[in-house]
Amino acid sequence: MTGRIEARFAALQQQGRAAFVTFLMAGDPDLETSLALIKALPQAGADIIEIGMPFTDPMADGPAIQAAALRALQSGTTLKKTLDLVRAFRAGDNVTPIVLMGYYNPIYIYGVDQFLIDAKEAGIDGLIVVDLPPEEDGELCLPAMRAGLNFIRLATPTTDDKRLPAVLANTSGFVYYVSITGITGSASADAKAVSSAVQRIKRHTPLPVCVGFGIRTTDAANEIARHADGAVVGSALVDVLRNSLDAEGRATATTVPAVIELATALAQGVHAAAK
Amino acid sequence: MNSPLPNSFRAGPDDRGHFGKFGGRFVAETLMPLILDLEKAYAEAKADPAFQAEMTGYLKHYVGRPSPLYFAERLTAHFGGAKIYFKREDLNHTGAHKVNNVLGQILLAKRMGKPRIIAETGAGMHGVATATMCAKFGLQCVVYMGAVDVERQQPNVLRMRALGAEVRPVTSGANTLKDAMNEALRDWVTNVHDTFYCIGTVAGPHPYPMMVRDFQAVIGTEVRSQILEAEGRLPNSLVACIGGGSNAMGLFHPFLDDRDVAIYGVEAAGHGLSKLHAASIAGGQPGVLHGNRTYLLMDHDGQIQEAHSISAGLDYPGIGPEHAWLHEVGRVNFLSATDTEALDAFKLCCRLEGIIPALEPSHALAKVAELAPELPSEHLMVVNMSGRGDKDLASVAEHLGGQF
Chain A
8 MTGRIEARFA ALQQQGRAAF VTFLMAGDPD LETSLALIKA LPQAGADIIE
58 IGMPFTDPMA DGPAIQAAAL RALQSGTTLK KTLDLVRAFR AGDNVTPIVL
108 MGYYNPIYIY GVDQFLIDAK EAGIDGLIVV DLPPEEDGEL CLPAMRAGLN
158 FIRLATPTTD DKRLPAVLAN TSGFVYYVSI TGITGSASAD AKAVSSAVQR
208 IKRHTPLPVC VGFGIRTTDA ANEIARHADG AVVGSALVDV LRNSLDAEGR
258 ATATTVPAVI ELATALAQGV HAAAK
Chain B
153 MNSPLPNSFR AGPDDRGHFG KFGGRFVAET LMPLILDLEK AYAEAKADPA
203 FQAEMTGYLK HYVGRPSPLY FAERLTAHFG GAKIYFKRED LNHTGAHKVN
253 NVLGQILLAK RMGKPRIIAE TGAGMHGVAT ATMCAKFGLQ CVVYMGAVDV
303 ERQQPNVLRM RALGAEVRPV TSGANTLKDA MNEALRDWVT NVHDTFYCIG
353 TVAGPHPYPM MVRDFQAVIG TEVRSQILEA EGRLPNSLVA CIGGGSNAMG
403 LFHPFLDDRD VAIYGVEAAG HGLSKLHAAS IAGGQPGVLH GNRTYLLMDH
453 DGQIQEAHSI SAGLDYPGIG PEHAWLHEVG RVNFLSATDT EALDAFKLCC
503 RLEGIIPALE PSHALAKVAE LAPELPSEHL MVVNMSGRGD KDLASVAEHL
553 GGQF
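Those protein sequences? They're chains A and B, same order as listed.
Position in the first sequence counted from 1, then plus 7, gives you the numbering used here.
Position in the second sequence counted from 1, then plus 152, gives you the numbering used here.
Some hints here could point you the wrong way.
Within a straight-line C-alpha distance of at most 20 Å, the following computed SDA-like cross-link-like pairs (lysine to any residue) qualify [as the list claims (entries may be wrong)]:
1. A:K169 x B:L188
2. B:K173 x B:P158
3. B:K192 x A:E143
4. B:K198 x B:K262
5. A:K88 x B:Q455
6. B:K173 x A:Y115
7. B:K173 x B:G435
8. A:K199 x A:R233
9. B:K192 x A:L171
10. B:K499 x B:A229
11. A:K169 x B:V344
12. B:K288 x B:G325
13. A:K169 x B:A193
14. B:K192 x A:T165
15. B:K173 x A:P150
16. B:K173 x A:D120
17. B:K427 x B:D412
Facing chain A, a subset of chain B residues (Cβ under 7 Å, in silico) [stated by the list, open to error]:
18. R177
19. F178
20. A180
21. T182
22. P185
23. L337
24. V344
25. G439
26. G454
27. Q455
28. L545
No lab work stands behind these hints, which were simulated from the structure alone.
Backbone N, C-alpha and C define an ideal beta-carbon position, used for all residues, glycine too.
Let the sequences and hints guide you as you build the complete structure.
In structure tokens form, the structure reads like this:
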């Protein structure tokens, strides 16, 4: 059976365009708003939706996503409720790929086997777990592959040619190239460097390569989409979300429209890129 | 536990950094190549007699080792039981055991050609030791410290600044040691090319727990020969406080296979184990944080909980993975002491021995007060006096109010 991620990239390739991949934190600032947002994202042009699993100690994230995780936890979001969120989304959309992204401890405490059963049943297609390098593949990566979920690995500027085969060995769905050494939402990526990095990765794998970290504008999204199979935007969307909240950090009438407006603009940038 | 006990308790970790199921390398891909480089560089340095000779020389002439093994005569008489010895790590240059490890890591950083050093610190003793060694060897030094700790450990902040380090207060999470470690990891992931992360305890991704243990094992190795010289036999028990657990591991490790030596690690029970505390073994469960699997304080959803201890150095919701394993195989007994018990022990030690202990080893002393009176006078008990208490005087005065 072809998975949703594979099917989506096959369709995009036929259309000759790159994927627009969005990231938002589950339950930021509350689960109801979160559901409204992810339901609206495909219409806005999102080809793949990444949903953050909130964690107290997001070691690879910058201030924007740290704060998003804390807002989500404050609103009572748990891993179980994150799965419920995806289940609710799937009731109305059975084609848009959903990827959960986060850190290992909440999954480990949930129980790896039970988590994989529940994630598959909820309609999740892939997992990105920041603190599980190939050296720890036995923890979740291999069980996830057996359960029919894609395990999407991060490759970074420090992943040299010698190490790339190990990083790519058990990767499926797509490869997420982290375009900078740093945390989310910090420096922006240099298009030339990204282009050569993507080419380098593609020499090692037939998988699509999506690029993230540091993409904030329509122009930047367009530029990256010329050189990669997809562009991932997270912190920029999370920043717009945060700016729409009231003084107590609650959603307002402008929250969903503001995020969707930026997503729409970024999607246009990605989709206008000639491949 | 159904699995048989190992032939040796000193053989770990395996080549993937595991002590039983604990330890490992749970880090972002960006850091993985750096950790592999570090592992290789450390293995080479460890096997290089020149590196070892350089360390030994600085330990003697700069740190002031060996530190004394001191018979605490009045405390022994006061408790009326076991014969109590203090391993005086508080007399090291910079005032705590932390410098043993920092010296090793800074020499390694130099060897690896890394000009910029970052560190996290809780009580500030690791930060001070790092700032000191960076000053001595001409390296740039950035120390991450929780904003709460910057407030309660002002003397150490001033010492670090005097030594030329940049102290960056951390205002994410609970503003304490765990958050300082997150910020240090974020710095490292950003500055991969020139930066060496000098971790202060036996935690973090492999090879840190092993490497820091090796550098601290000088404590137990010295105790072994000093007690043989003083008493003609090994001690009957060892006691040390545990936050991440580097002073404890340094004392314990050389004795792990002497199975007649009873070993006690003392965690911080804060306000009490049913309230806010920092006792990961007593009140936590195995999980994954900061690069390793170990016992952690967390909620049912796997979210890390804030630790609490009067002692900033023990205020961490985890423990080194090798300690977690030694707990599971039953080689080390883990106890805990509350803030109040630690303060009582602090006062007693000041008045009876003329030694102002740090609040961290005051936790160990608090359990000595329970263990020692029940033991015969021929029982030899070694307590790790891991640091001096000058830095804590302001917070002790605040807690004791009029009694101080």
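Checked hints:
Pair hint A:K169 plus B:L188 holds up; C-alpha atoms about 13 Å apart against a cutoff of 20 Å. With a CA separation close to 14 Å, the supplied pair B:K173 and B:P158 stays within the 20 Å bound. For the suggested pair B:K192 and A:E143, the alpha carbons sit about 19 Å apart, so the restraint of at most 20 Å is met. Note on B:K198 and B:K262: the hinted pairing holds, with a Cα-Cα distance of about 14 Å set against a maximum of 20 Å.
With a C-alpha separation of about 14 Å, the suggested pairing of A:K88 with B:Q455 holds against the 20 Å cut-off. At most 20 Å may separate the alpha-carbon atoms for a hinted pair to count; B:K173 and A:Y115 meet this at roughly 13 Å. Proposed proximity of B:K173 and B:G435 is supported: the alpha carbons are some 19 Å apart, at most 20 Å. Distance restraint check for A:K199 and A:R233: the Cα-Cα separation of roughly 11 Å lies within the 20 Å cut-off, and the hinted pair is therefore satisfied.
Restraint check for B:K192 and A:L171: the C-alpha separation of about 19 Å stays at or below 20 Å, so the hint holds. With a C-alpha separation of about 16 Å, the suggested pairing of B:K499 with B:A229 holds against the 20 Å cut-off. As the CA atoms of A:K169 and B:V344 are separated by approximately 18 Å, the hinted pair is consistent with the 20 Å bound. Between B:K288 and B:G325, the direct Cα distance comes to roughly 33 Å. Violation of the 20 Å bound is thereby established for this hinted pair.
For the hint pairing A:K169 with B:A193, the CA-to-CA distance comes to about 18 Å; that is within 20 Å, so the pair holds. For the suggested pair B:K192 and A:T165, the alpha carbons sit about 17 Å apart, so the restraint of at most 20 Å is met. Restraint check for B:K173 and A:P150: the C-alpha separation of about 17 Å stays at or below 20 Å, so the hint holds. Our distance criterion of 20 Å between C-alpha atoms is met by B:K173 and A:D120, whose separation comes to about 17 Å.
Straight-line distance between C-alpha atoms of B:K427 and B:D412 comes to about 35 Å, which puts the hinted pair past the 20 Å bound. Checking B:R177 against chain A: minimum C-beta separation of about 5 Å stays under 7 Å; hint holds. Satisfaction of the interface hint for B:F178 is found here, the shortest Cβ-Cβ separation to chain A being roughly 4 Å, below the 7 Å cut-off. This hint holds: B:A180 has a C-beta 5 Å from the nearest C-beta of chain A, less than the 7 Å allowed.
Annotation: B:T182 was flagged as interfacial toward chain A, and the flag holds, the nearest CB pair being 4 Å apart, inside 7 Å. Here the hint on B:P185 is kept, as its CB sits about 5 Å from the closest CB of chain A, short of 7 Å. Taking 7 Å as the C-beta cut-off, the interface hint given for B:L337 holds, the closest approach to chain A being about 5 Å. Using the Cβ-Cβ criterion of 7 Å, the hint placing B:V344 at the interface with chain A is satisfied: the shortest such distance is roughly 5 Å.
A least Cβ separation of about 5 Å between B:G439 and chain A falls short of the 7 Å threshold, and the interface hint therefore holds. The criterion of a C-beta within 7 Å of any C-beta in chain A is met by B:G454, whose closest approach is roughly 3 Å, and the hint holds. Hint status for B:Q455: holds, given a least beta-carbon distance of 5 Å to chain A, under 7 Å. With a least beta-carbon distance of about 32 Å to chain A, the hint placing B:L545 at the interface is violated under the 7 Å criterion.
When each numbered hint is compared with the structure, violations occur for hints 12, 17 and 28.
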